[in-house]
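Undergrad: Okay, here's what each chain looks like letter by letter:
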Amino acid sequence: MIISKRGIRIVAVSMSLVSLLSTASSLACGGDWYPEVQIDPRIRGVAEAEKTLAKGDSLAAAASVVRMIPHIESLQAQRDRDPLVTRAERVLAVAIAREDGKLRFEREVPAAVLGHWLGKSKLDRGKNLAWSVDTLRRELAAEKGDPGVMTQLGEALSKLEGGQDEARTILESLAARDLIGSPQGYRALAELRLKTGDEAGQRLAIERCESMAPRSKACAPSTPRAS
Amino acid sequence: MCTEHAARELRDHIVALKAWIWFFPLLLMSGLPGACAPRRSQQTRHERVTQAVPATHSETSSVTPVAHGNAARGRALVELFECNRCHEGTGLASVPLSKHCFACHEQIILGKFPVSSAALARFRPHVGSAREAPSLTALGARLEERWVVQYLLEPRDLRPRLTPNMPRLAMDAEQAADIAAYLTADSSTSVSLAHATGNATRGRELMEQKGCVSCHAFSGVREFPVSAPPPAGSESERAAALAPDLRFTRERFRRDRLLGFLLNPRRIKPDTRMPNFDLSQAEAADIAAYVCDAALSVQPIAPLARLPLLTRHVSFEEANRRVFSRTCHHCHTDAQASGGDGGPGNTGGFGFAARGVSFSSHASILAGYVDERGERRSLFEPLSDGTPRLVAALLARHDEARGQPRSSVRGMPLGLPPLSAEDIQLVESWVEQGKPL
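Line by line, the protein sequences give chains A and B.
Read left to right, the first sequence gives residues 2 to 228 (the working numbering).
Read left to right, the second sequence gives residues 1320 to 1756 (the working numbering).
The hints are simulated quantities; they were obtained by calculation from the structure and are not laboratory data.
Any given hint could turn out to be false.
[Claimed, not checked] Label-pair restraints from in silico Cβ distances: (1) Ala1673/B - Glu49/A: 27 to 35 Å; (2) Ala1621/B - Glu167/A: 32 to 40 Å; (3) Asp1590/B - Lys56/A: 30 to 38 Å; (4) Ala177/A - Pro1415/B: 41 to 49 Å; (5) Glu1691/B - Glu200/A: 32 to 40 Å; (6) Ala1673/B - Gln77/A: 50 to 58 Å; (7) Ser1703/B - Pro42/A: 38 to 46 Å; (8) Pro1444/B - Ser75/A: 52 to 60 Å; (9) Gln77/A - Glu1691/B: 51 to 59 Å; (10) Gly198/A - Ala1621/B: 32 to 40 Å; (11) Asp41/A - Ala1621/B: 50 to 58 Å; (12) Ala221/A - His1632/B: 36 to 44 Å.
[Said to hold, decoys possible] Computed far set for chain A versus chain B, every beta-carbon distance over 12 Å: (13) Ser75; (14) Gly149; (15) Val150; (16) Gly182; (17) Glu208; (18) Ala219.
Model, not experiment: these values are computed from the prediction.
Glycine included, each C-beta is placed from N, C-alpha and C at the ideal position.
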């Protein structure tokens, strides 16, 4: 089929007219042009989730993250480019560890979205805790040994099957330098010490936990670990 | 070998002899009065100097004098310590807005800093104290090099109307001498009027007439009649902000340079805010005589009276609100959250290595600092006397303000006035209670 030059011109002019006339947005109306700014709601959302976690409500913090970024587990490629994803992952990882691998907030987020985060089976709970440990290890490498992340990794390892020895090494090393970054870190250490029969050490760790979080339940004994 | 040894000894002796020939006249001259030191034998003194008192707060200095520095090394050190982040007149290029101590603050206060309005509102309460720093233009044309060395090592509050922002930087005496040599290298605009002698009593009268103390404080002398302060927002008010306490002038200035400065301030320092009072040479000499020779009373600063630990509960929220976020956060913050570089106390700057200290959250404070070996250590680690490091730093700032810096602990907040006894009590109590959330 041969298309004449005139035909090409007509098609080109028509397409231009169509594209101009069919602009849905009328930002140019009224004489002033203004840019359409899209604010990423995750910026505030992740910051709020971090605050909620710091206040001790790990379940609410995790729910907030999953609601905002339900596909967070699949965002591996974005992790390095988007610090928000990294921060959200850290909140979720810590919350999972503190909730023993079970994120029971079906009322807030549909169970279909939650999937294995619900931790209904032993397998799911183990998988969740393994994800938590992996995430925190990656974060620790990026943060060059930050004691806050190290404390959280210690917490997560203490809940993971086979992770207790490493957790004890990490937390004891931090405790010796007064660098445990949260009451939950001291609670995890207390439980690890008790498991090896170090009752005096357990009491000391609980005292430190209670002095750091005098009016919260953070130092109460946790539910049995996923096994 | 013996011949070589003898020849070397002979050469050494000749060098020593030459040095002696060169330095003998200097030794003789060193017995002469300094330019701003009282020359009692030459002056007709109507106002008797009752007591020769140094003008420093501590009345003594722990600084060991060092030899004249190397100006070339000094320039490199001025770059290392980033003096141009706060001061004009360093001979270095201007720094970007985000790195400038005061231009940045000014923009924040005026609401022009390129961040969201919420961030501006968050920053604004924290930047009011640091508004400007004196220009270092023509330092050599005015100031004593040895005083500059001493000031670099032990900064003190010179300008009563300005928050004392000059930090005690991590420099040794040799580095301070090199920097002083660089900054005072250009003394070509000095006006030599060393032989002019003045009448201190007339000098005081002139100071009252000219209203010098409406801008300058002159602590330690008999009180001046109260002058009206400069009108708010006026050029005079801006000038007064940088006006030094004249108590220190006798150590800072050489008299010949002081005279030249009084006669025509802008000829000596083109960017000075000091107005030209069209003084005659005799009037300038009289004022210089009073400024340099008036009797000063000793003004010791009492050591901090520490308060006992609080028995009530102190939460992180309270300590953070009253101290950490108000003071420490400025230099020790989280780069990601603040939108900046984390501050010199976190990511390094002003010659300080990156210490990784962040006061942006409870967890970040508990994460401590990175020591010289790159290892994390607690901010609450007890020192040899049992005082937690953080509390010791807050107390050390009081010692620095009294002119008695501790060599082992750098006072904090760096470049800000010491915390009140109540604030230190609060922090100490929070630490003692186990750093509760």
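Undergrad: Decide, hint by hint, whether the structure agrees.
TA: Here is how each hint holds up against the structure:
1. Ala1673/B - Glu49/A: 27 to 35 Å: holds (29 Å)
2. Ala1621/B - Glu167/A: 32 to 40 Å: violated (53 Å)
3. Asp1590/B - Lys56/A: 30 to 38 Å: violated (51 Å)
4. Ala177/A - Pro1415/B: 41 to 49 Å: Between Ala177/A and Pro1415/B, where Cβ atoms are some 42 Å apart, the hint holds.
5. Glu1691/B - Glu200/A: 32 to 40 Å: About 38 Å separates the Cβ atoms of Glu1691/B and Glu200/A, which means 32 to 40 Å holds.
6. Ala1673/B - Gln77/A: 50 to 58 Å: violated (29 Å)
7. Ser1703/B - Pro42/A: 38 to 46 Å: violated (52 Å)
8. Pro1444/B - Ser75/A: 52 to 60 Å: With Cβ atoms ~42 Å apart, the hint is violated.
9. Gln77/A - Glu1691/B: 51 to 59 Å: violated (37 Å)
10. Gly198/A - Ala1621/B: 32 to 40 Å: violated (55 Å)
11. Asp41/A - Ala1621/B: 50 to 58 Å: holds (54 Å)
12. Ala221/A - His1632/B: 36 to 44 Å: At 19 Å between Cβs, range violated.
13. Ser75: holds (24 Å)
14. Gly149: The claim is violated: Gly149/A sits with its nearest Cβ about 4 Å from chain B, within 12 Å.
15. Val150: It is violated; Val150/A is separated from chain B by about 9 Å at its closest Cβ, not greater than 12 Å.
16. Gly182: violated (4 Å)
17. Glu208: violated (8 Å)
18. Ala219: The claim breaks: Ala219/A does not keep its Cβ more than 12 Å from every Cβ of chain B (closest is about 9 Å).
In this structure, the hints that do not hold are numbers 2, 3, 6, 7, 8, 9, 10, 12, 14, 15, 16, 17 and 18, in rising order.
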